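Participant: Letter by letter, the chains look like this.
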Amino acid sequence: EDKVVQSPLSLVVHEGDTVTLNCSYEVTNFRSLLWYKQEKKAPTFLFMLTSSGIEKKSGRLSSILDKKELFSILNITATQTGDSAVYLCAVAGSARQLTFGSGTQLTVLP
Amino acid sequence: KAGVTQTPRYLIKTRGQQVTLSCSPISGHRSVSWYQQTPGQGLQFLFEYFSETQRNKGNFPGRFSGRQFSNSRSEMNVSTLELGDSALYLCASSLDQGEWSPLHFGNGTRLTVT
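For the record, the sequence lines run as chains A and B.
When we follow the working numbering, the leftmost residue of the first sequence carries the number 1, and every step to the right adds one.
When we follow the working numbering, the leftmost residue of the second sequence carries the number 1, and every step to the right adds one.
It is worth saying that the hints were derived from the structure and are not from the lab.
Warning: the hint list may mix true and false statements.
Stated by the list, open to error - Heads up, simulated PhoX-like pairs for lysine-lysine below, C-alpha to C-alpha not over 25 Å straight-line:
1) A:K40 - B:K13
2) A:K40 - A:K68
3) B:K13 - A:K68
4) A:K68 - A:K57
5) A:K67 - B:K1
6) B:K13 - A:K37
7) B:K57 - A:K3
8) B:K1 - A:K37
Please read all numbers here as calculations on a predicted model, not as lab measurements.
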């Protein structure tokens with residue numbers, strides 16, 4: 001059974017801080033790892049990392065994938081209050097479905 | 001391009017009733033998946049449809065069913081509702097042109113069973 005573990009469960013920082021969110025996984029026939037941001041309703045897609053793309057960057061957000069150690073990190077630099085959300089990590093394996101972690105609740109204080 | 005649209009946004013039902021939720025995928029997306037989100041269990045996969053065929057199903061009882069129409073729109077049905085079915089039901093669509101492509105989620109339907 002595929003498994004995703006995220007840490008920490010919650011994190012409180014101040015604006016301007018840099019945060020690192022962790023995601024470790026066990027999956028049969030790894031296809032990709034995805035990061036989502038969920039504020040009120042719909043999870044919003046951030047990054048997809050695959051065997052051919054183990055590092056992604058978009059503005060202040062960046063993510064790397066370590067396929068050997070089976071983990072990924074999501075970095076957010078110069079955090080803003082608008083970054084406050086639940087960040088979800090998910091993996092796609094042999095089955096056509098995503099297995100999600102329980103998420104990291106990030107709170108950015110002004 | 002319009003995102004994934006789910007209707008209704010909120011539903012309140014009584015135990016034993018049944019409910020139908022609707023999802024319109026992003027234009028051009030042929031794969032539609034359904035997930036249940038609860039505080040205790042997080043996001044859990046229900047099923048996935050492609051070209052009107054269910055390709056994969058999660059570990060949910062047979063009371064949960066779905067279908068996909070020729071225009072890729074999808075519905076899911078829950079019969080004989082139980083209190084534990086109270087959750088946010090999320091629909092997601094993807095391009096699915098052979099390689100794995102990311103899922104794009106709708107805003108969900110919040111179902112409350114009393």
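Participant: Are K13 of chain B and K37 of chain A close enough, with their CA atoms no more than 25 Å apart?
Facilitator: Outside the cut-off at roughly 29 Å; violated.
Participant: Is K57 of chain B within 25 Å of K3 of chain A, Cα to Cα?
Facilitator: At roughly 17 Å apart (the allowed maximum being 25 Å), K3 of chain A and K57 of chain B satisfy the hint.
Participant: Is K68 of chain A within 25 Å of K57 of chain A, Cα to Cα?
Facilitator: Measuring from Cα to Cα gives roughly 21 Å; hence the hint holds.
Participant: Please work out if K13 of chain B and K68 of chain A have their alpha carbons no farther apart than 25 Å.
Facilitator: violated (47 Å)
Participant: Hey, K1 of chain B versus K37 of chain A, does the alpha-carbon distance stay inside 25 Å?
Facilitator: The hint holds at about 20 Å.
Participant: Given the hint that K67 of chain A pairs with K1 of chain B, does the C-alpha gap stay at or below 25 Å?
Facilitator: Not satisfied, since the Cα-Cα distance of roughly 34 Å exceeds 25 Å.
Participant: Quickly compare the C-alpha distance for K40 of chain A and K13 of chain B to 25 Å and report which way the hint goes.
Facilitator: Holds, because 22 Å separates the two Cα atoms, which is no more than 25 Å.
Participant: Are the Cα atoms of K40 of chain A and K68 of chain A separated by 25 Å or less?
Facilitator: Given pair K40 of chain A, K68 of chain A is violated - Cα atoms ~34 Å apart, limit 25 Å.
Going through the hint list in order, the structure does not satisfy hints 2, 3, 5 and 6.
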